[in-house]
Amino acid sequence: MRYLWVLFSWLILLQPLLLAAPPVLTSVIPGKVLKFPDDHGAHPDFRIEWWYVTGWLTTSAGDPLGFQITFFRLATQADEDNPSNFAPHQLIIAHAALSDPKVGKLLHDQRIVRAGFDLAYAKTGNADVKLDDWFFTRAADGHYHTRIETENFTLNFTLTPTQPLMLQGDNGFSRKGPQAAQASYYYSEPHLQVSGTINHLEKNIPVTGTAWLDREWSSEYLATDAAGWDWASANLDDGSALMAFQIRGKDGSKVWAYATLRDPSGQTRSFTPDQVSFTPIRTWRSSHTQAVYPVATRIRTGETEWQITPLMDDQELDSRSSTRAVYWEGAVTFRRDGESVGKGYMELTGYVQPLTM
Amino acid sequence: MTSGLLTRWLLKGEWHSHRLQSVVAVLAIMFGVALGFTIHLINSAAVTEFSAATRSLSGTSDLTVRALRPTFDEALYPRLARHEGIAQASPLLEITAGVPAKAKTMHNPVLKILGLDIFRAASITPDLLGISTEDNPMDALADDAVFLSPAAMQWLAVKQGDSITVSAGTKQITLRVAGGLARAHPGQRIAVMDIGAAQWRFDQIGQLSRIELKLQPGVNHRAFRKVLEEELGRAYLLTESQDDDARAHNMSRAYRVNLNILALVALFTGAFLIFSGQVLSTIRRRSQLALLRVLGMTRRQLLCQLLLESGLLGVAGSLSGLALGYLLATIALHHLGADLGAGFFPGLEPSLHLEPAAAVFYFVLGTGVTMLGSLLPAWEAAHAHPAPALKSGSEYTVLAALHAPRLAVICLLTGIVFAGLPPVYDLPVFGYLATVLLLIGSIVALPYLCGLSFSALLRRLNPGKANVLYALAVTRLSNASGLAAIALGGILVSFSLMVAMAIMVTSFRVSVDNWLAQVLPADLYLHPTIHQDMRGLTTDEQQMLASLPDVARIDFIRSIPITLDPTRPDVTLLARPVDRDNPGSVIPLIESALPSDSIPSDTVPIWVSEAMVDLYGFEVGKQVMLPIADPSQLFIVAGVWRDYGRMFGAIQMQLSDYRRLTGDDHISDAALWVTTEATTGAVISALQALPFSNPLEIMETGRVRAVALRQFDRSFAVTYLLELVAIGVGLMGVAASFSAQTLTRIREFGILRHIGLGKRQIHRMLTLEGGLLAGFGVITGFILGTGISLILIFIVNPQSFHWTMQLHLPWGWLILMALAVLGAATLTAFIASRRAASGNVIRAVREDW
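Keeping their order, the protein sequence lines are chains A and B. Numbering of the first sequence is given in our numbering, commencing with residue 46 and proceeding in unit increments. Numbering of the second sequence is given in our numbering, commencing with residue 96 and proceeding in unit increments.
Looking at chain A on its own, in the form it has when it is part of the complex (with noise of 0.2 Å):
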């Protein structure tokens, strides 16, 4: 569930002329079962699929950062009979962001190409993707490796799962709305150990943190009356894992919620809309868009309060010149009853206009 849900709807609203051969896309269904590792490789059947990991990270000098990788597959409508390698079957789609406080905003990157020739591709049977020197894969033994080069910072990083898969909604079957249609496939890798190393500020810096991988893919598209979407991850203290979204109308309320929360000994509990809520406790206004994000939440999920503080109020990534979106994703802390209990990211998106479907 994330901004690229409106690159996608543009595409569903696509139907310029009758195309010879349409691709055919394949649909989310309740009780299929997920099955890895094909499951983390792509699903070019489907409309859209991302890797997305995000995560908290220590610098040897003890300050904290926080990360952001997500790669985007997206399957367009190019006619299937266009025998052309530069046919644009496929997108690829890259963004990376460093949060660091010293430097007070969002430091970020973002591409889109054609998948093709070997320069960019999401292959399938294990998580493969690359685009041009971007990567993320997976290893047989699991483990994760992403290299990220900007302008301005790269990031060098292994992942180490810790804990077993998080299956979401019911397993792996998501919905994203009040009708059954609106649903995608889902599921996360709490608690990844990474290492690696940033060059950040013209430094070399070894790192260690903990990461979140979110795995989504659907063909479906959101309710047409959703504005836009609050998401939230964390790696909890104690081992937990919790993760909850809302989708917001356009008139602000609640369209349809979920939360699932994961204690250590892999004990899981789902919440359902009515018992998930995201109530704004500070905003900030981005002096870039004028958008003004919760950047500080509440989330209820059945009893429990949790307060989002962000790591800094300035993550915005605006990516307009390339991807139209701009959202806030960023580090953030929870803390359940003012105590710190573990940290995580949180995307807001669908706050500098409404997303039109």
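Simulated from the structure, these hints should not be mistaken for laboratory data. Accuracy of the hints is not assured; some may be wrong.
[Unchecked claim] Short, incomplete list of chain B residues facing chain A, as computed with Cβ under 10 Å:
#1 233
#2 289
#3 781
[Unchecked claim] Counterexamples of contact, computed for chain A against chain B with all Cβ distances above 12 Å:
#4 78
#5 152
#6 165
#7 215
#8 225
#9 238
#10 326
#11 383
[Said to hold, decoys possible] Quick list of the computed label-pair ranges, beta carbon to beta carbon:
#12 A/168 with B/798: 56 to 62 Å
#13 B/315 with A/168: 43 to 49 Å
#14 A/347 with B/258: 56 to 62 Å
Keep in mind that this is a model prediction, so the values were computed, not measured. C-beta atoms are modelled at their ideal positions from N, C-alpha and C, and glycine is treated no differently.
Chain A is already provided as a structure; the job is to place chain B on it using the hints.
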């Protein structure tokens, strides 16, 4: 009295009394400056526009990779994208599509469609990105969408949401106009679409035209280019934007230089008129100037005064020339296009820029030439001894100073020697110098020639029988040939140039006509909407053509542009069935070709146009590499042929060789011979009934020839105009010299009146004199013009356009021109002499100081 006031007085007096003389001088300078400035303005606008347009297609690219052939295998793209030192590689497929809707109204209606990958192009050529509408943001990737530059929209008369139909060979493709471009170069007609869609819809799967490279920061461009050049081998070319500039300059250079030379000739004529005017003026005012000297004016002051007189005329002429030049350039650009109808820069609409540096240059040139023209007479007048100069009859000492027999001989001889020298930087510099030297030499030699001829005439005159007026005229001309020669100079210069141009153009036109007959032996020709269509006709379509009834023979021709040198315009490669043992049957060879048994078996024969020999050194028997094939193949030049169609060079080879080497079995043109029992019309109908006939142009040979000749005439439109201007300037010269001359002879006429000649008789005598003089000028001009035309035909043309031609004299036209000039000159003399004969007899004789 202050000297300033005196200067003004003198100037005013002189100009006032000789308005026509001044006006003609000003006009001549004006024409010369205007012509040169016009050509400069038009060409610099065209070249600037061409470079800017080419540059905008490359954006901020550091290096462009292209092949010698129009397209190459896309496998190079990932190789370069991953290459060390390259930050970004943007692949492009350039399609030259035809616009069938425009085929009726224009020749070769080409729309350039760029297939690009928006994601790769965004950072290198952001200006070329299509602007999608808010509702259809993915149009940039759609396979039916095309984005048009404003000029293209205007040309096609479409707006966003409309459809356009373009052709690729026999295929018609309808595209939706999805929007405009981010920032198209003004006037540039281009279209942009997705590269995958372009490859598919235009049958160019797997092909790219070029790859734009952005190097990583810190990479040494020159070193990198060298490394990459070695790595890619000779089949690929690496170019930077300055190469495109050189290409644009080379494209129009020969044409431009030729026109500039014509401008210089006009200036030269102007200078000559100034010179003759000044000579006459100093003769006329000899006693007046001497008086000024006696009254205390220094030599220096007098020299300055005289130079100022003509200098101011030069300033006026140059300034009005600049204005006229700008006006002419605007008109010519609007009506004839940036190449003055020669067809080098299609799809461009250059705008004129006022260039101060160029304006100053042409101003200084115009004024300088004027000053130079008046320097000699002014110097002589200032240095004449005042005492003898005050006396009557001293005029002719001026003319004596102008006698320079050695100069004439030197000029003529050097001119002849120069005519034999090779070109400099591909330009016939010595050929033009020879022309100028011959002109100068002839003018300097004119008094002698004139004297000699009329003395001969005088000797043969029977004083008893001859008409007294005729006798007077001939005697006068034979004895005062120096003065007559000055009037003659204008006619000589303009008429000889006219003759030279007429002979050259006729020779060229007849040669082209003969050549067309040779290269168009078939009855019918067909090709898609545009020439050198990338797709052309497929093998199936060729099969259908070949199996048409009533077709006795059909030749298929593949024509593609290839780049052998990135700084030169493309060379045309023509592949067609050629009989190795008798290539002359389809190729207009100019000398005997290499016999087929002396072609080594490991080489492939090619027959090249004359331009290939001059530009690339492809001499008969030479083995060359043409990297059109992979692996590369050795070719041998088996013959040289004449080509008036492609001045940048063309190569012919056997179609079978071409297909074997390139695997390209499409064709661009077909030539059909109709069987004797069938009619051409029946075959045309059969062709039009073919399913793919719609975007095909089917032309009967007669029409092809007519179209070609029309194009020829169009490209010589400017030359015709210049001829008229030259004649105008020449006639004005005659008028000016005659009226000036008759004034200097006022005393002579007075005496003639006293001894009994009537006004009308003097009048007739002068007219007769004018006629005789013009006749002599026409004859000399004809001889000189023929000589110059020989230089133009056999030296200048082969050296600048790289083609040879045969000499053809347009007798009828030449006689007509001669009579016209003779008539006009006589009429001019008639009008000018009216004034001379009308003066007061008594006063005229007394007019002695």
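Note whether the CB distance of residue 168 of chain A and residue 798 of chain B lies within 56 to 62 Å or breaks it. This hint holds: roughly 59 Å between Cβ atoms.
Was residue 326 of chain A rightly flagged as not at the interface, with every chain B Cβ beyond 12 Å? holds, 35 Å
Minimum C-beta separation from residue 215 of chain A to chain B exceeding 12 Å: can you confirm that? The claim holds: residue 215 of chain A sits with its nearest Cβ about 33 Å from chain B, beyond 12 Å.
Hold the hint about residue 233 of chain B up to the distance rule: shortest CB distance to chain A must be less than 10 Å. holds, 5 Å
Quick one: are residue 347 of chain A and residue 258 of chain B within 56 to 62 Å, going by C-beta? For residue 258 of chain B against residue 347 of chain A, whose Cβ atoms are near 59 Å apart, the range 56 to 62 Å holds.
Against chain B, does residue 383 of chain A hold up as non-interface, every C-beta pair farther apart than 12 Å? Holds, because the least Cβ-Cβ distance between residue 383 of chain A and chain B comes to about 46 Å, which exceeds 12 Å.
Does the claim that residue 152 of chain A lies off the interface hold, with its Cβ farther than 12 Å from every Cβ of chain B? holds, 19 Å
With a cut-off of 10 Å on the beta carbons, see whether residue 781 of chain B makes it to chain A. Interface hint status for residue 781 of chain B: violated (32 Å vs cutoff 10 Å).
Status of the stated non-contact between residue 165 of chain A and chain B (beta carbon gap over 12 Å): violated, 9 Å
Is the nearest Cβ of chain B still more than 12 Å from the Cβ of residue 225 of chain A? Since the minimum Cβ distance to chain B is about 28 Å, residue 225 of chain A lies beyond 12 Å and the statement holds.
Taking the minimum C-beta separation from residue 238 of chain A to chain B, is that value above 12 Å? Check passes; 32 Å lies beyond 12 Å.
Going by Cβ atoms only, is residue 289 of chain B closer than 10 Å to chain A? holds, 7 Å
Violated hints, in rising order: 3, 6, 13; the structure is consistent with all others.
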